[in-house]
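Enquirer: For the record, the sequence lines run as chains A and B.
Under this note's numbering, the first sequence has 180 at position 180, and the numbering climbs by one with no breaks.
Under this note's numbering, the second sequence has 132 at position 132, and the numbering climbs by one with no breaks.
Calculated directly from the structure, the hints in this document are not laboratory data.
Treat the hints with care, since some could be wrong.
In silico DSSO-like pairs for lysine-lysine, Cα to Cα no more than 27 Å straight-line [what the hints assert, rightly or not]:
| hint | chain 1 | residue 1 | chain 2 | residue 2 |
| --- | --- | --- | --- | --- |
| 1 | A | K135 | B | K72 |
| 2 | A | K178 | A | K48 |
| 3 | A | K71 | A | K84 |
| 4 | A | K12 | B | K195 |
| 5 | B | K72 | A | K166 |
Derived DEER-like restraints, expressed as beta-carbon distance ranges [unchecked claim]:
| hint | chain 1 | residue 1 | chain 2 | residue 2 | range |
| --- | --- | --- | --- | --- | --- |
| 6 | B | S166 | A | E90 | 23 to 29 Å |
| 7 | B | F85 | A | K139 | 43 to 49 Å |
| 8 | A | P46 | B | K91 | 56 to 62 Å |
| 9 | B | T175 | A | H51 | 34 to 40 Å |
| 10 | B | E19 | A | T25 | 53 to 59 Å |
| 11 | A | H51 | B | H8 | 57 to 63 Å |
| 12 | B | V179 | A | N67 | 37 to 43 Å |
| 13 | B | S166 | A | T106 | 24 to 30 Å |
| 14 | B | D192 | A | H126 | 39 to 45 Å |
| 15 | B | P95 | A | K178 | 48 to 54 Å |
| 16 | B | K91 | A | K38 | 37 to 43 Å |
| 17 | B | D150 | A | T160 | 31 to 37 Å |
| 18 | B | F424 | A | H126 | 32 to 38 Å |
Built from N, CA and C at the ideal position, the CB exists for glycine as well.
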Amino acid sequence: MLNQKIAFLHTKYNLVIALLFPILTLAGLALFKSYELKTNQTRVFPIKWSHIQSDSLQGSFLQFSINYGIKCVSLEKTSRCPFKAHICLEPYKRIGLHHKPDKNCTLFIKGICECGLLVFLGGEGHSHRYYIPEKHFNKMSKLFKNKNIKKEVLLSITKTGVPIVKDILIEGQSIKKKMK
Amino acid sequence: MFLKTKVHKWLKQGIITPEQAEAILNRERPSYKTPHKSWVLYGFLIIAAVSAGLGILSLVASNWNFIPDAIKLTFYFLLMGFLAFAIIKMKDNPPWFEALLALFLFLCMGGIGLIAQIYNLEGGGWRAFLLWSVITFGLMLFSQKQITTDIWLFVFSFSFFKWAASLDSTYAPVTACQVLYLLFFLLYFFCDKTKFFLSKIKTLTRWSLIMGLIASVYLFFMQFYAPSAKVFYIDNWLLYLLFILILHIMTLALLKIYPYQNKIPIYLWLTGLFANTLVWVSLLSKKIAKDGGQELDPPFVLLFLYTYFLCFVLISLYYYIPTTPIPSFIKRYKHTLVTWTVILGGISLLAFDQIWDGTAYSHPSFFYYLLPIGLLLGAIAYMFYESPYKKIQKILLSTLLALLTVYFTIAVHLPDEENFIKMFFTALILVSTGLFAVSIKNYILFAWAIIFLIIRIFIFYLEKLYSSNLMGISFIILALIIVVFIRLIQKNKDKIALWTKKLE
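Could you build all of it, start to finish, from the sequences and the hints given here?
Expert: Written out as structure tokens, the structure is:
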């Protein structure tokens, strides 16, 4: 009886199912993310600080922090930092605790309030990265080190409040155009 | 190889005859008929394959941005489909089946990374690993290889733990460790009683013990982090006691049914028990301040250490009295207890220097060097008078110990600019370890020495090279050099066989 059960588990059909499951899941994920990227709302925020680096392991990338234009000071006494918070963007800009805003908020970004300066950081609370092709590294490096140049980030915001970096804007122009 | 060692042991003990030994080996592993299979060459071939693979990946990665996203995804799914078809076709050919399955599992993670890169998804590595664990669970069950199950369990444990750590609860991480431990423990029982997935039993036992140790270590280290970091610490000695009691009673139950002779789990358990009771005693003494200070009261800790050490001395002596009734599962670990007692003695000595002498951390005292040099000389003296090793093996082992001592006392303190010297020392240590492994025919030790040597050389390479294109080309050249090297070895096989025979 047990041998039959084991033999059943190892049939060809079960193997086909086990192989198809990851393929279909990943294909579904790719399609969903593609749809999400097209239907998500977008917003532009200024870049607060940036750092450009290149190494053989991680490649060439721009590391930056986003200025959401709002601080966590009003929430300081409500929780031990760092704590989860969110920024509501529609209908009006405000900050709130936890990752779930109230029903009135139609567009929000979830993140955390860090300790010290009580600054709001979107997503997982880390700085963001934007990868740059190696051959454009030097040109981009000069651009980003110039503090007089206006740098912004175009965020695609999912319905669950996750900010995704869609593009970097330099003086209002896409970084991809600057790299051509 | 495990079976071969056991058969030789039984032959020596007179349990089986030479004819029976040969019959067992011939039945279980036909390759034993050719005992001089060149496993050393296989080690180098793997280095060459990994190097070539990394080189190609590096070249693709450096030119990645020029490939449109739709083509990347189409190519990926076509590749996965082809691989799935190949796996089904090779179902009855175990070596190919396992190799293709491993590649498929690896590419599943690659696919998750590809989608994350294309859609610029951020969110921590643990989500990717958790997704990978879920989608590959079914495939893992089909694999008969322990390493596949090991990797899956490691990834699942890591991502589960990180998920728990991302929750708001302060006790979630340590509870996650205990839950994982209990889960593996129950899975082991399930497989053992129902005889389902018998190939997973050994792996599940190992993982139960590893998870127990991790839970134990976590309980220890988390007490010493400041509260500003995203970790917790338990201030309540009763709650802490509850956690360690649950943990260690489960481990004792597991060790009682543990069917293998390997002593390593006992050492791991004793280490965990020692670390946890040390912290518990400190908690009890109210020496850990509420603001996260981790100052332990030195005289109190020393007193605890020496008391702990003396307890084990007494336990060891007690179990050596011939008339003492010893439970059978303790009996086989009697010598382990003695060894652990000796280790505790060493820890107590080191602690005396590190804790008592306040300047020991920044300016190592003479005692700090005296201990490792003393241990080295003692070990060499023991080898030359007591061990059954041949002269060349003793020289190899002495060289290895000397290199380790020099490395840990001098090379470790060198600045980062002296990376080449550190790499050189590490390579020498690993080559000596590999040669020693060849001399005692320990294939596993040789394999690990090769693996660590590869990792160290690659790390050195990556630290020095800054361009992905250049790195890719360098790795491919390295692979070609190794292939030429292997060819030369094959041509001079007989001379090398004679030389390795002299080592044994």
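Enquirer: Please name the hints from earlier in the document that this structure breaks, with their numbers sorted from lowest to highest.
Expert: none
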